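Asker: As a plain string of letters, each chain reads:
There are 4 protein chains.
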Amino acid sequence: MTVRVGVLGATGAVGQRLIQMIDPHPDFELAALTASSSSAGKSYREAAKWRVETPIPDDVAEMTVVATDPDEVPDDVDLLFSSLPSSVGEDVEPAFVEDGYVMSSNSSNFRTDDDIPLTIPEVNPDHLGLIEVQRDERGWDGAMIKNPNCSTITMVPPLAALDEAFGLTDVRVSTLQAVSGAGYDGVTSMEIIDNAIPHIGGEEQKMETESQKLLGEFDGAEVQWHDADVAASCNRIPTLDGHLENVWADTEEDITTEDAAEAMREYESIDLPTSPDQLIHVFEEPDRPQPRLDRMRDDGMQVSVGGFRETTDGVQFNCLAHNTMRGAAGASLLNGELLLEEGYL
Amino acid sequence: MTVRVGVLGATGAVGQRLIQMIDPHPDFELAALTASSSSAGKSYREAAKWRVETPIPDDVAEMTVVATDPDEVPDDVDLLFSSLPSSVGEDVEPAFVEDGYVMSSNSSNFRTDDDIPLTIPEVNPDHLGLIEVQRDERGWDGAMIKNPNCSTITMVPPLAALDEAFGLTDVRVSTLQAVSGAGYDGVTSMEIIDNAIPHIGGEEQKMETESQKLLGEFDGAEVQWHDADVAASCNRIPTLDGHLENVWADTEEDITTEDAAEAMREYESIDLPTSPDQLIHVFEEPDRPQPRLDRMRDDGMQVSVGGFRETTDGVQFNCLAHNTMRGAAGASLLNGELLLEEGYL
Amino acid sequence: MTVRVGVLGATGAVGQRLIQMIDPHPDFELAALTASSSSAGKSYREAAKWRVETPIPDDVAEMTVVATDPDEVPDDVDLLFSSLPSSVGEDVEPAFVEDGYVMSSNSSNFRTDDDIPLTIPEVNPDHLGLIEVQRDERGWDGAMIKNPNCSTITMVPPLAALDEAFGLTDVRVSTLQAVSGAGYDGVTSMEIIDNAIPHIGGEEQKMETESQKLLGEFDGAEVQWHDADVAASCNRIPTLDGHLENVWADTEEDITTEDAAEAMREYESIDLPTSPDQLIHVFEEPDRPQPRLDRMRDDGMQVSVGGFRETTDGVQFNCLAHNTMRGAAGASLLNGELLLEEGYL
Amino acid sequence: MTVRVGVLGATGAVGQRLIQMIDPHPDFELAALTASSSSAGKSYREAAKWRVETPIPDDVAEMTVVATDPDEVPDDVDLLFSSLPSSVGEDVEPAFVEDGYVMSSNSSNFRTDDDIPLTIPEVNPDHLGLIEVQRDERGWDGAMIKNPNCSTITMVPPLAALDEAFGLTDVRVSTLQAVSGAGYDGVTSMEIIDNAIPHIGGEEQKMETESQKLLGEFDGAEVQWHDADVAASCNRIPTLDGHLENVWADTEEDITTEDAAEAMREYESIDLPTSPDQLIHVFEEPDRPQPRLDRMRDDGMQVSVGGFRETTDGVQFNCLAHNTMRGAAGASLLNGELLLEEGYL
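Protein chains in written order, with the numbering used here: chain Y, 593 to 937; chain S, 593 to 937; chain D, 593 to 937; chain W, 593 to 937.
Note that these hints are calculated values from the structure, not bench results.
Everything hinted at is true.
Using C-beta positions, here's what the derived DEER-type ranges look like:
hint, chain 1, residue 1, chain 2, residue 2, range
1, W, Q816, D, D819, 34 to 40 Å
2, S, W817, Y, D706, 46 to 52 Å
3, W, E809, D, Q797, 36 to 42 Å
4, Y, K641, D, E724, 47 to 53 Å
5, W, D667, Y, A653, 52 to 58 Å
6, D, D651, Y, S628, 41 to 47 Å
7, W, D777, Y, G935, 54 to 60 Å
8, D, T848, W, S678, 26 to 32 Å
9, D, E877, S, D683, 34 to 40 Å
No more than 30 Å apart at the CA atoms, straight line, and that leaves these computed lysine-lysine pairs for DSS-like:
hint, chain 1, residue 1, chain 2, residue 2
10, S, K798, W, K641
11, W, K798, S, K641
12, Y, K798, D, K641
13, D, K798, Y, K641
Since we're looking at a predicted model, the values are computed, not measured.
Cβ atoms here follow ideal geometry from the backbone N, Cα and C, with glycine treated the same way.
Given these sequences and hints, build the entire structure.
Answerer: Shown next, in the form of structure tokens:
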């Protein structure tokens, strides 16, 4: 029994990754692809400028794209993945959920709303319980869950491991983010060759608020956000894929670098089809992880850490994840798998 | 009256920048160029693989390179600039100073020795007083002063401005460093294209210790190092020149971002031939400074800052300087100008 | 007596370069800046996102931008430089010239029209004579002259030197073009990092036809295009500025590499304020010219060549020029200087 | 029955690729790894700085590296792959073959010697017959065959297709070569970021002579080199992997672009374990093949072509192959497979 899934915003960079990952998926079957009305009626091959390194799957290429409208998507689609631009998703995503669809969305809107689960399945699967709250409050038949921003996803698993073991107080994080995080056309070559950009609009705030929500406690009615003091500084650099982050994490208990590494190595993962065998890989080499060498570990779904050093109040370390695999498309896919596992489909 | 100067290690990347900057200098005249013994006897044109964007000065090109040995450098040379590899400088630099030469050195050895002035002329010119201590203790006729590491130089001027105005307590700094900081052959293209390297051997320690010494108080006999808690995380990225740094600075007083910007804008510079009119330029745009756009401000000698945000205990901001101009060759040149100004030549 | 000039399309990449070059110009004074109607009424500082490495000139920053319309440009402007997108220039450029303005344009439209001078002042200044033909045929009071495409400008001076000395028959040229040639937003970072694009739409044809017209003979009434067989293959690579080109040039006479180099070295330049002392610099080193090292020779206005090898029917060599200095803004500026020199203003 | 193979020069970039490709090979089993004497005695994990994107195979990691000396390699090794630097291979490779080993070598020495087969299995497998000549003349018990240079391998399959169908006369080729072609440390980041280098020492000659030998006819006693006039211009650009080449091929018969494409599409491949199903992929899109998007087609073993245009005497087109897969390690591996297939092991 496969689940029939649709992808909203299927022609964009994240949409393409989603299709690449869903096509061979054991439980999901592509049943609908939506895009802007100018693409509706075209074959996916015509509508999408395919830029993934593996060829476009043949059967997907011949599917007909429909407009991003609940009336255009077949009713027997069980699950929607949304990679809509947030300006588009603002109005359209609720329309789908009101119509009864269950949605795993990568769009940034609604992420910090009280009744919207923001989940990384390996970290806070219980936040899915907010779906009941959401249905009560909004009168929705369907459900909407969100995955966090790609830069947030990279650091939260190691932070969650530290928090669980030693209690987290303060976080300072500086990011070196790949250009693909801004979408295919997001960063021009003139902006970034031989350069770096020390600010990504809205990204600092997302990292600070989303991580507090992700690390928060769900008490059955609401999520008590974590009170760690998080400050982020986000930079764009000339790499294609893979966000590298320098983190200073202060903890309640005094810890050694080995304590920290151990907590991350042993952090329990959830068993979903797309989740890696080990969520966090710990490098011994001080100059790893590196984006190009390590972003594709475990099919791009593993988070890597390394470079541990003790500080006065905790540890500093580096972490890395593939921003469009673990960080966007794969994050949504995992959330879809979680919805299936937890009986929401 | 021009000062006759020599450059030790004249064929390397920093040596070439020094020559480019000294050639048109109002007070300095190139009188000796040294390199390894394999280059001795050759013209500078033959010995150096010139890689600076401006052509090699004609008169310099025809100078004969001599070995890096006190016996080979003419006695009437008044001032030596050293850009020797630290492994070479370890033995050779003291030999020159014992011989009576006054030396401004960029090599990393001796930088944190008690009796060696480590100076940024605009920040701690009074540390030059250590020369008397040095002469007493080591029996040297000459003098040796050092400039800090390029990544340290970038952040210390803005930190000094904050410290002077509000008292500095904690510093966290994450760097995005250009490949030229490792020398011409230091980073291979296979290592860095589409990549970033989250560790630079020894660099983190240099930033942590050198900044404490630079911000310290000289009491006439010794430098009391600043007790700020400094932790650094150093990254190499695919840029050619210009180190960009994300800084979190905690201060004793509560400050706003405008307080911080104001203190930096008004930080007093010293008047030396190569020092910029304004030491620190404050950008209003949140996405500046950027390496390629801003590294050459004021002939590569200005430090730029921007991106101020308030944090719980202070401010975060970004800073940038040209690592081989302000950060290495220009830093040594400024120290040479300071030695002249203060009557040591 | 300075000439009052206007820049059409002043906010784009070529427009910015033009302003950077015109601001300190001995004979030209900026009197009008135009842009799309959405920018009209704003200060230039507001309207343009300034991306040149030198700061925006203060007086220019405060000028008010007007719409690109003959009625909006003051009548006492003597000379217009156009860097309009070709789709815009198609209709608007003739409107200005009909109105009596003299125009030096970088836009690609009209370049191969029979009565439009397409000129590189150092190569074919006599083609300016077409202005009389143009006035007769079109009834224009003003005048319109064009400069060629940046990739064409790079190779035509060395080809002209060979043609003049030995007669040119066949040309094969392969280009390695910088991203700035496509405008600031023309090439995304995802397209070009760790990549190359072996085709630039329309560029091959431009190189083939424009070079034949430039090397043609003007007989007082029309230009007899050169009958050399020219075939081009154009590639975009991850460099910022500077087009590098591999050329095979077959000649009527048998020549040595030294014959070819000599002809280029001795090729006579014209004496205009912005023209370089020597038009073509010949490198002896086989691995030069290189874009980053050599694009700024003589303020970006010199063409460099090197790598000569004999072939069965001629020579092969490499050439380089700065595509937005020599190749676009500087090319238009030189044409403006030629118009002044020849009495058209 | 697997063949026991050894890799000479196993720690270098090509050696690492060879190991990555041999490890899962159906017919070959790694039995010996050699490196310089300083690495002898170490485990491969210690001796090699592994830089391939897939992890080092566990069993290979624990193998002990021996010196590159016939006495150190077990006698029961049936086949040697050599990726030695040519300066090392000059003396050592013949020593192994005299000792009876059969060798498939990627080193550039001996490639154009009369009695050394230089082969691309899909193009000129019959040249293997030179082994008999070689044994007669040199008194060798073993055998030595070579694969061509990576830049030659990229263009020869499409040229062979044209030659077979229409007769090849003249070739002009301009290359855009990746940095990995120079080995891991071959090109520094300072040399190539925002730059291109219009010359690769010796590479032009290799492309010109090797292609003539590869396209030559073996008459049972010697190879009659093809008399096509080949001229190459080689450039290094800032890409990691994948050589892109612009080719002008003149043919005896008049041909259309579709004739050329058809000949390439239908060019017959040989059936070896590592050879692609189709040797040459023809792109319809004018801006393909591109290095990053297309280098890994068919596991990096396919050659891609596109951008056909008619010229006066033939066609121009672009071609691309992965320089360390199809171009070096994979080329040697294919030659090893050919030796097995043809009964030389």
